[in-house]
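Input sequences plus hints: build the corresponding full structure.
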Amino acid sequence: MTQLYRHYKGGIYEVLGYPKHTETGEALVYYREYGAIENEWIRPFEMFFSEVEIEGERLERFAQISSLEVTLPHNPRIQVRVSKTEV
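Position in the sequence shown counted from 1, then plus 54, gives you the working numbering.
In short, the hints are calculated from the structure, not lab data.
Quantities reported herein were computed from a predicted structural model and do not represent experimental measurements.
Check the hints yourself; a few may be wrong.
[To be verified] Computed beta-carbon distance windows for the label pairs:
#1 Gly71 with Glu111: 29 to 35 Å
#2 Glu114 with Arg86: 15 to 21 Å
#3 Ser121 with Glu94: 16 to 22 Å
#4 Thr76 with Ile119: 26 to 32 Å
#5 Pro98 with Glu68: 15 to 21 Å
#6 Glu107 with Thr76: 30 to 36 Å
#7 Ala81 with Leu113: 18 to 24 Å
#8 Thr76 with Glu109: 36 to 42 Å
From the three backbone atoms N, C-alpha and C, an ideal C-beta is built for every residue, glycine too.
Written as structure tokens, this is what we have:
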């Protein structure tokens, strides 16, 4: 199951895995921009799940969300057809 997170600046990201640093054993988070093939990053686990302070308010750097909360941009090339089936 895909784990989705919203960055405090608004971007949506999916976690691809939790590798460890080869030299230090530090826990890392391997993630990418949701729906993108490129734009992959690795960030220390502690930093990924840390809080940031914006204008005096403490926010999660990445807050987990459900796939139902994700709205992808409209793409006119994608067509959805719904057919009715009789029972």
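Status of the hints after comparison with the structure:
1. Between glycine 71 and glutamate 111 the beta carbons are some 31 Å apart, a value that agrees with the proposed interval 29 to 35 Å.
2. The given range of 15 to 21 Å is respected by glutamate 114 and arginine 86, whose C-beta atoms sit roughly 19 Å from each other.
3. At roughly 19 Å, the beta-carbon separation of serine 121 and glutamate 94 lies within the given 16 to 22 Å, and the hint holds.
4. At roughly 31 Å, the beta carbons of threonine 76 and isoleucine 119 sit within the given window of 26 to 32 Å.
5. Our hint of 15 to 21 Å for proline 98 and glutamate 68 holds, since their Cβ atoms are close to 18 Å apart.
6. Range check, glutamate 107 to threonine 76: Cβ separation about 32 Å, and the 30 to 36 Å hint holds.
7. Against the hinted window of 18 to 24 Å, the Cβ-Cβ separation of alanine 81 and leucine 113 comes to about 22 Å, which satisfies the hint.
8. The hinted window of 36 to 42 Å between threonine 76 and glutamate 109 holds, with their beta carbons roughly 39 Å apart.
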